[in-house]
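Asker: Sequence:
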Amino acid sequence: MNVIKKAVDAAQPVSDADDDHVDLHRNAPRPEPACLHGLIGEIARTAAETTEANPFAVAANMIAYMSAAVGRGTYLPVGNTWHHARLFVIHVGRTGRGRKGDAVSIVHRIDKAIRQRNEHLPPQVHRGGLSSREGLAYLIHDGFSEGKTEVEAVHDKRLWVVESEFANVLSQTKREGNTLSAALRDCWDGVSIRPATKGNRVWATDPHVTMSCAVTPGEMRTMLAARELTNGFANRFLLVWAERNRVLPFPQATPQNKIDEFAEQIITVLKAVGADRPVDTDAHRAVLTPAAQKLYAKLYLGELNDQSAGELVSALLERRAPTLLRLAMLFAICDISQEVDVQHIEAALAWVRYWSDSVKFVFATAMDEETAAEISATADRIVRFLSERGTATRSAITTECFGGHLNKDKIDAALEELLVATPPVIEVETIPTQGRSSKVYRMIGAKNAKVAKNEQPRGFATDFDVRKESEVGEIWPREGIDTSQLRGSRGSKNQAETRASPDSSLTSQADCESATVEARL
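Residue numbers (our numbering): 48 to 568.
FYI, nobody ran anything at the bench for these hints, they're computed from the structure.
Heads up, some of the hints might be wrong.
To be verified - Cross-link-like lysine-lysine pairs, in silico, DSSO-like; alpha carbons within 27 angstroms at most:
no.	residue 1	residue 2
1	Lys457	Lys486
2	Lys486	Lys455
3	Lys305	Lys318
These figures come from a predicted structure and were not determined experimentally.
Using the sequences and the hints given, assemble the complete structure.
Answerer: Next comes the structure, spelled out in structure tokens:
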């Protein structure tokens, strides 16, 4: 009888009320099909047809390769910065399951086929690892003296770095006095590499360096130093989680005729942008169509500056806006177009969302995500309360807005998020009274907040002053857009359906999370 009763009880559905634990299971990132746009997408799908390589991992490596190959001939001006299609990519996956080597192999085969046809079109490829600023500069140096010998300069500054063990780079950046991290930041920005070592004059002017990196999730979490999270190093990398999505006992190589076909297509692209004349920099100006400008402006005021995922995740995603523009420009170039259109913005946005989901999955636990979502929801409620009330004390927010039923720490965290947002959504004012002074919170005028946001775009400009060696440019956009009338929108969040973590999952699920301060207003 007891056995039967236990079986019946086990078959009964368990209600949420019966389960005292929060469901912390979640899906790993699933990229959107829009990521596989154009030529890059075609190569990725072809590579995955006969191998275990993840097509999105192949596409990520192809993005890094093509962003090196196209060089600095095409640029997109944003304010006083001229952006080139220059990208760093990190493929994160578990050992043996990420198929990180397979994901880059087809790129090497295509590169070899291009060299056999025209040795001047592809970029220099470095696979030997990086250790210092000086070593990096040496690969694309301006020329130097070695005793009485004059070493001729490397005139083609295009360099694709393949770092199959990104943990080595992370270990180098943790060494006292090592400046590799600063050098890589300069390369992403396009700033000349000039080591400050006494007597060292191995410089590299106008570098065009891109990176394809591979790392396990454990290495990424444990070896990334705290300073690299805050100094702009980590957020220059487009990090994507990708593992094999099928098991093939006998994978087959991509047919050589397909490799040759892709090589010919890439040659056409590279000739169109003058890649065989790498010294002719900034020869072609890319522009956004009016429709693309409108879409980008909406995204910029929305999810590209969303800070609701928590301090760590937000810091790692700080460069979503410029990364999106660089990706969109690269997709346009691969379509042999100087105009960035809506489909290019949408493909780039799919990658930015994939990046966002991957960062959350690798660096934030399910509990962290739940906490960040609660703080964001609490902040929204405070905004609605203050919008109706005008001003309120901390005590009134606790008792009247939340009925005294919400944890003090969560309210404080939400208030802090609103106070330090860029621009701030609320402000606190100390009011002198008889005896002890009191503080009140109020909304900052929506109009003023919008103006401040447009004047101080967060995470958009590079981390250096405009000097002779920097990328400088023109005012953009060329078509006037009233950004004050645009709004960001909150995307729906996928519910967790599977047991997943960076250390145990083979599946994935995209999670578009675009809650923003602007949306609250």
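Asker: Can you give the numbers of the hints that this structure goes against, from lowest to highest?
Answerer: The structure breaks none of the hints.
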